[in-house]
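Can you build the whole structure from these sequences, using the hints too?
The chain contents come next:
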Amino acid sequence: MELIRLEQIRKTYPQPQGTITVLDGIDLSIPTDEFVAIVGPSGCGKTTLLRIINGLITPTSGTALYRGKPLNGVNLGCAMVFQSFALLPWLTVRENVELGPEARGMDAEQRAKKANFFIDKVGLDGYEEAYPRELSGGMKQRVGLARAMAVEPELLLMDEPFSALDALTSVALREELLDLWRDPEIPLRTLLLVTHIIEEAVELADRVIVLSNRPARILKDLAVPLKRPRNKKSEEFGQFVDEIFSLIA
Amino acid sequence: MEVTPVPEVGMTRILGLLEVLDDHGGREDIYRLARDLSYEFGDLLGVIKAAEILRLVDTPGGDVVLQPLGKQIIECDVNTKKSLLKKQVKAHSLFSHFIAFLKQQPDRKASREEVVVEAGRILAQEKPLSVFRTLVNWGRYTELFGYNRDDDAFYLDSEE
Chain A
-1 MELIRLEQIR KTYPQPQGTI TVLDGIDLSI PTDEFVAIVG PSGCGKTTLL RIINGLITPT
59 SGTALYRGKP LNGVNLGCAM VFQSFALLPW LTVRENVELG PEARGMDAEQ RAKKANFFID
119 KVGLDGYEEA YPRELSGGMK QRVGLARAMA VEPELLLMDE PFSALDALTS VALREELLDL
179 WRDPEIPLRT LLLVTHIIEE AVELADRVIV LSNRPARILK DLAVPLKRPR NKKSEEFGQF
239 VDEIFSLIA
Chain B
498 MEVTPVPEVG MTRILGLLEV LDDHGGREDI YRLARDLSYE FGDLLGVIKA AEILRLVDTP
558 GGDVVLQPLG KQIIECDVNT KKSLLKKQVK AHSLFSHFIA FLKQQPDRKA SREEVVVEAG
618 RILAQEKPLS VFRTLVNWGR YTELFGYNRD DDAFYLDSEE
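Those protein sequences? They're chains A and B, same order as listed.
For the first sequence, counting from 1, position 135 maps to 133 in the numbering used here; every step adds exactly one.
With positions in the second sequence counted from 1, the corresponding number in the numbering used here is that position plus 497.
Simulated from the structure, these hints should not be mistaken for lab results.
All values reported here derive from a predicted model rather than from experimental measurement.
A virtual CB, placed ideally from N, CA and C, is assigned to each residue, including glycine.
Just to be clear, a hint being listed does not mean it is correct.
Chain B residues, not near chain A, derived (Cβ > 12 angstroms throughout) [as the list claims (entries may be wrong)]:
hint, residue
1, Pro502
2, Asp555
3, Ile571
4, Asp574
5, Arg605
6, Ser608
7, Val614
8, Leu620
9, Gly636
10, Arg637
To be clear about the criterion: a stretch of chain A counts as covered by chain B if any three or more of its residues have a C-beta under 8 angstroms from a C-beta of chain B, and this derived list gives those stretches [claimed, not checked]:
hint, segment
11, 40 to 46
12, 113 to 121
13, 129 to 135
Here chain A is said to cover these stretches of chain B; the calculated rule only asks that three of the stretch's residues, wherever they fall, bring their Cβ under 8 angstroms from a Cβ of chain A [what the hints assert, rightly or not]:
hint, segment
14, 532 to 538
15, 556 to 569
16, 575 to 589
17, 643 to 657
Okay, here's the thing in structure tokens:
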């Protein structure tokens, strides 16, 4: 089943010195049950593409379809995890997690149930009454993940979710993300990750879309042939990373 | 029993260290590991020390070696992970001291100030606020202690 189809997506922004083209001729299909990563140089337009899929911005030209229908406004089939966590500092962990379900109109009992479930799944039991300022970056991103998953999206969008974290924290969270994806109790099957870290894309995804410098075009759409769990120290892993690096460089 | 300090290191970093060591075949030179991770050497030593205190790694010579419990922790689900870590945390003198301390308090609760004063009394060489933050962070992760900022209550989990 095809979840997302992008056809000849182009996005431009008018500037005083002339029009800037961010995306140019993007064709992309994302089926259900796939973990897709988009990699490309910083500032190439990856986040813009993610925002078009989320319905937060409209393309200048081209068509964005969700389940075969043109996107018109915010895509309620998606939830987003942000690099900067985007937590509300005056709310506790539990209240932040409940925000997503609340915005989708769930009643108090239902959203408390959802929040409890996902707080448990991401390992935040014990932190329910903590405020974001009391949390480390890793714990904040767990809240971001729980909040996004609590609306049970068909497609989870992640915009550089581990880039603001130190190396050890991001390693731990990447493993936990894979555990969540494999967890049969969580209806999270389709993921779209945007990252500028090639190793992260190869470690996590089934498929890697490589974008060029701005204006972004798709340079290559690669299936990752490595079995899971992936050994980041293996020769095959290194070769695949090198192949993508040579495309971008 | 003498109370010994623990470095102020988050649990997620400790878990990340275990994953990285596993990727490196279970053993790595500490200096090389810091370089590979682009990690400040002193920061990495703090994480390794914390993992060693919890008996998840060993540090023979200049190496850091994943221990069977560390390997077990990265292979289990999140709640088992927390439960195994709780056992290790409870066994540490700092945490066992504060378990006993809270059991002596009315409603098994103490204010932040009371905990900070006690931390300063038993660990005079350490920064008491740093000790408090570690008690809260490790305590929350392992569900041993809780802290409610609104009520200024540091408390023992109901199951203890």
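Checked hints:
1. Pro502: Nearest chain A Cβ is 19 angstroms from Pro502(B), so the label holds.
2. Asp555: Non-interface label on Asp555(B) holds, nearest chain A Cβ at 18 angstroms vs cutoff 12 angstroms.
3. Ile571: Violated, because the least Cβ-Cβ distance between Ile571(B) and chain A comes to about 7 angstroms, which does not exceed 12 angstroms.
4. Asp574: Given a closest Cβ separation of 7 angstroms, the condition is violated.
5. Arg605: Label holds. Min Cβ-Cβ 16 angstroms, cutoff 12 angstroms.
6. Ser608: Fine: 16 angstroms to the nearest Cβ keeps Ser608(B) off the interface.
7. Val614: holds (20 angstroms)
8. Leu620: Leu620(B) clear of chain A: closest Cβ-Cβ about 22 angstroms, beyond 12 angstroms.
9. Gly636: violated (8 angstroms)
10. Arg637: violated (4 angstroms)
11. 40 to 46: Result for this restraint: violated, n = 0.
12. 113 to 121: holds (count 4)
13. 129 to 135: holds (count 3)
14. 532 to 538: With 3 residues closer than 8 angstroms to chain A, the segment 532 to 538 of chain B meets the three-residue bar; holds.
15. 556 to 569: Three-residue rule not met by the segment 556 to 569 of chain B, so violated; n is 0.
16. 575 to 589: Holds: 4 residues of the segment 575 to 589 of chain B have a Cβ under 8 angstroms from chain A.
17. 643 to 657: holds (count 6)
Hint compliance for this structure: hints 3, 4, 9, 10, 11 and 15 are broken, all remaining hints hold.
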